[in-house]
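In case you want the letters, here they are:
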Amino acid sequence: MAGLATAFGSGAMTNSIPEIEDAECILVTGSNTTENHPMIGSRILRAKEKGKKLIVVEPRRIHLAQFADIHARPRLGTDLAWINGLINIIFAEGWEDAEYIAARTEGVERLREKVAEYPPERVEAITGIDREMLHEMARLYATADRAAIVYAMGITQHTGGTDNVLALANLAMVTGNVGKRSAGVNPLRGQNNVQGACDMGGLPNVLTGYQSVTDPAVRKKFEQAWGLRSGLPAKPGLTVVEMANAAAEGAIKGMYVMAENPILSDPDANHTREALENLEFLVVQDIFLTETAQLADVVLPGSSFVERDGTVTSTDRSVQRMRKVIDPPGEARADWEIICEIARRCGGQGFRYASPGDVFAEMARLTPIYGGMSYERLENEWLRWPCRSADDPGTEFMHKDRFSRGKGVFTPVDYREPAEEPDEAYPFMLTTGRIMFHYHTGAQTRRSPSLEREVSENYVELNPQDAHGLGVHPGELIAVASRRGSIQVKAALTPTVPKGVVFIPFHFAESAANALTNRALDPVSKIPEFKVCAVSVARLVTL
Amino acid sequence: MDYRTVLTTCPYCGSGCGMYLPVLNGKLGEPIPAKTHPLSQGRLCIKGWSAHEHVASHDRLTKPLVKTGSGFKETTWDEALDLVVTRLLELRDRHGPDSLAFLVSAKCTNEENYLQQKLARAVFGTNNVDHCARL
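These protein sequences, in sequence, are chains A and B. Residue numbers for the first sequence follow this note's numbering, so the first one is 1 and each next one is one higher. Residue numbers for the second sequence follow this note's numbering, so the first one is 1 and each next one is one higher.
These aren't lab readings, by the way, just hints derived from the structure by calculation. Keep in mind that a hint or two might mislead.
[What the hints assert, rightly or not] Computed footprint of chain B on chain A; a stretch qualifies when at least three of its residues, placed anywhere within it, have a C-beta under 8 angstroms from a C-beta of chain B:
| id | stretch |
| --- | --- |
| 1 | 34-43 |
| 2 | 101-107 |
| 3 | 311-324 |
Cβ atoms here follow ideal geometry from the backbone N, Cα and C, with glycine treated the same way.
Turn these sequences into a full structure, and let the hints steer you where they fit.
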């Protein structure tokens, strides 16, 4: 999100989900859309049915690739090179939108100079993408009237992730594809309320609606609204991986974790476990005794998605109601009630609410992009933020006449190698992700009989040629190890992964992919490099 | 017989698909896709169709737990919350607000996330607030 915020002034999907199917060209990269966002994946397939063009840039031969006009398979971690390469071709062929660039953007000259360093032959050498294919990708994308970029964690979960996003924003702006229907730059968010958790100030540097904690006027507004006698903290806090590092060093002593499972979701699981074990006090609020909750000093039973009222914000900024259907089991309580009770017991003022609707109303008063929303309006209207006043119908696609920050800014960015490259000891590249049947750390889906019946154990995707070289048979339990840990996992032989690359889903605690991953961070977004690290693959017994 | 259907949002990925959940005499049934929903248009993926299943899992936590030498024991809300409040305030007073960290959640509602960051910032005085958006 940091990348889009720099380029456009706002970090979220620029366009809405229904618009996707009317894009003349869709560029999907770093997203296994049909498995991880199936209903968005089906929009992309519908676009194909309507005769639109589809470009998939993805090392794995994902389902969507079968339907693509072009499927480019870059080497892992080389995205920036092909994106800059496309922009270079677009300038060379005169396919840029000169009028748009002049009117809506700044910094194009520096971008032009930078991408000139990425001629097709160099891009081919770095990424492995054939130069003619690259040229055809540039033509399809740049000459389409409305072209949409769709991406997910395959772009961001790299040490150069923020730069990748900036590069995609450059590509979209060069071709005038931001601020119009069925175009834009569209990050797909992976959890039902990850967009909302960010919007609500669940981040170390901002209060609600991305209002900076370093801005004294912002802090004053919240201090007054919340009736605080002392000031709000002005220094940005730590991100999740930094928290684990600080806990390991002893700087963080106590943690309150609500419905998160960092043991499985964070990189380098052994390190995360040591960090949490080093805490003096850990309280976990969840619906299951997750791997993280097992380390807690106190576990508070929260409620599931059908046991409390509230709202969530989808990846396309739509704000929707969650509604209470049944009571929580036993003595479990709604999470909002638990937080308020803790706050009141700590002497906190302003934590008496009759219902989540009251909480929403307070939040909306303090949050300009949600300012026009209320539970009453959400009953009858479809609202996407920004929605600033009671008569604002919300925003289907953003940056229509101007960017949130005024002019869109081009940021020249350079390709850097991933933090860890394969070597003699660890000759394979590992990438991780999700599969159709499970979700994140599996706390919910692995307790769902229908889903567990589909896939009940972990596997590693291994190219058949690599398997042959290693003497690995289909279904054989093998060892995958990195500098940080090792797991035993069943081999699934498939040409989905290129030679030299293995893929492991991260849902499975018993052979956790994140025991292997690298906690090297993107310097700006602090996103860990889940999508590439070096591993070894070996048979357990050699016969 | 008490039968209702309640419109809500799928708990899994960020696509925001709409579903009705039926309740028969207090018992949760299988999701029914919301036909007129602008995002999902009457369809769900296999995770959506199974979204009700984990709710009734025997593994659900039903009482607060505190750690003992050998595992966990059940306790009352009063004791559990007392312990949480005492220990967190103690750590803040002894080591400062930034010795505490709070994880909000991409699986919780906007209201819960708003309250959790308000708790961290307004009550404990720290910006150490984050969640799994990066993961």
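Numbers of the earlier hints that this structure fails to satisfy, in rising order: Number 2 - this is the single hint that the structure violates.
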